[in-house]
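Dock chain one against chain two, each of which comes alone in its own frame, and use the hints as you go.
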Amino acid sequence: NAGVTQTPKFQVLKTGQSMTLQCAQDMNHNSMYWYRQDPGMGLRLIYYSASEGTTDKGEVPNGYNVSRLNKREFSLRLESAAPSQTSVYFCASSVSRRGELFFGEGSRLTVL
Amino acid sequence: AQSVTQLDSQVPVFEEAPVELRCNYSSSVSVYLFWYVQYPNQGLQLLLKYLSGSTLVKGINGFEAEFNKSQTSFHLRKPSVHISDTAEYFCAVPGGDDKIIFGKGTRLHILP
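Just so you know, the sequences run in chain order A and B. Going left to right, the first sequence walks through residues 1 to 112 as the working numbering numbers them. Going left to right, the second sequence walks through residues 1 to 112 as the working numbering numbers them.
The shape of chain B in the complex, shown without the other chains (with noise of 0.2 Å):
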């Protein structure tokens, strides 16, 4: 069965500075992956996901994502965070039939 591991639980990082917040899942024949953000008191809406093709994937709001098949990892950059984006961040994948997997989540924390 599918899993996700996200191995920070928190990230600070100051305002403008990059950020990468990482994510590892077992592999797996076909592999989809996917990162959502949840903004304080919402639910979680899609940020980026990868299907097939180009391992660089682009999403909202600045963020990008590099699928590493070699190293199962679903990493999920940004070049300059905002404080608006403050908030935590889920990595998932399918989990065999219809299942979609979270993992643990990585709360982003912007230092002035």
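Just chain A, with the same shape it has in the complex (with noise of 0.2 Å):
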């Protein structure tokens, strides 16, 4: 009964590393979201997959890359990290816009 599995869970950088998020479902949603959420902001959508093979940029999408590998399927890439991007990353997943989100545990990132 696995759902949204993330990881890696706790990840620690210096700035200017590349690191990348791994989401994966086992639901055969259709849709997929990567999330950042900060204290007093809520969550905010970075990017998102409405099928496999295709992404759209969300409310913050930059300084990232995303990728949709296949249905099950959703990375999140930071290609040069900063301490701006210190965050709790939350991958989730849908059936479609008018169904229930199925949210991961969470990824904290510390850039340093």
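Treat each hint with caution, since some may be false.
Partial list, computed: chain A residues near chain B (C-beta under 8 Å) [claimed, not checked]:
| hint | residue |
| --- | --- |
| 1 | 8 |
| 2 | 10 |
| 3 | 45 |
| 4 | 48 |
| 5 | 106 |
Non-contacting residues of chain B with respect to chain A, defined by C-beta distances greater than 12 Å in every case (computed) [said to hold, decoys possible]:
| hint | residue |
| --- | --- |
| 6 | 43 |
| 7 | 77 |
| 8 | 101 |
Straight-line alpha carbon distances no greater than 20 Å define the calculated SDA-like cross-link-like pairs of lysine to any residue that follow [what the hints assert, rightly or not]:
| hint | chain 1 | residue 1 | chain 2 | residue 2 |
| --- | --- | --- | --- | --- |
| 9 | B | 99 | A | 65 |
| 10 | B | 99 | A | 51 |
| 11 | B | 104 | A | 86 |
| 12 | B | 99 | A | 12 |
| 13 | B | 49 | A | 94 |
It is worth saying that the hints were derived from the structure and are not from the lab. Cβ coordinates follow ideal geometry from the N, Cα and C atoms, glycine included.
Written out as structure tokens, the structure is:
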């Protein structure tokens, strides 16, 4: 009963380093999302993918890239990490915009 | 584009007292509305949703919300809160295409 799985759960980077956050869902959902959560800011959408092979920018895409590798997997890449990208990142998936979002447990990223 | 406003960033309430968490959305042709809950150090999970039909929606853990089209509101209520309701609550709405937009969240503090 995995649902949405994110890795890693914790990561510390130095400014300028790169990394990829991995996300996989086993519910055969079409849509997948990456959000960041910061105190007092709620969840802000970084990128989303309505279906395999498509990706679109959300509210705060700058500094990030994504890949919808297949229907199950949606990765988020930071090419050159900055302290402003220190945050908790959540991956989510849903059948459609009318459906419930299922969230991963989050990835806490600190950029020094 | 759709947007959602949560008017209160924090709400303190005594245990066993009633609570209302407020959410207002920008109007649109079709409206789907969601409330999610985030317990400490966890991901978000669906509390309840409005897609169509009855304006009073019942969710998990004794919560309910009322869709009010004229006031563009979807306030969350519980008649008697418990210490286990301590969490952050997010209102969400589809933001066009397949985007899901979240409010900034309301922290519910239960006082003994």
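Hint-by-hint comparison with the structure:
Hint status for residue 8 of chain A: violated, given a least beta-carbon distance of 15 Å to chain B, over 8 Å. Among the interface hints, the one on residue 10 of chain A is violated; its C-beta lies about 12 Å from the nearest C-beta in chain B, farther than the 8 Å criterion. Hint on residue 45 of chain A holds. Least Cβ distance to chain B is approximately 6 Å, under the 8 Å limit. Contact between residue 48 of chain A and chain B, as hinted, is supported at the beta carbon level, the nearest pair being about 6 Å apart and thus within 8 Å.
For residue 106 of chain A, the interface hint holds, since its Cβ comes within 8 Å of a Cβ in chain B; the closest pair sits about 6 Å apart. Once the 12 Å rule is applied to beta carbons, residue 43 of chain B is inconsistent with being away from chain A; the minimum gap is 4 Å. No beta-carbon of chain A is positioned within 12 Å of the beta-carbon of residue 77 of chain B; the least distance is around 20 Å. Not every CB of chain A lies more than 12 Å from the CB of residue 101 of chain B, the least distance being 7 Å, so the non-interface label is violated.
Restraint check: the Cα-Cα separation between residue 99 of chain B and residue 65 of chain A comes to about 17 Å, which is no more than 20 Å; the hinted pair holds. Using a Cα cut-off of 20 Å, the hinted pair residue 99 of chain B and residue 51 of chain A holds, with the two alpha carbons roughly 12 Å apart. Between residue 104 of chain B and residue 86 of chain A the alpha-carbon distance is near 18 Å, which keeps this suggested pair within the 20 Å criterion. A threshold of 20 Å between alpha carbons decides the hint, and for residue 99 of chain B with residue 12 of chain A the separation of about 29 Å lies outside it, so the pair is violated.
A distance of roughly 14 Å separates the Cα atoms of residue 49 of chain B and residue 94 of chain A; the hinted pair therefore holds under the 20 Å criterion.
Going down the numbered hints, you'll see the structure goes against 1, 2, 6, 8, 12, while the others check out.
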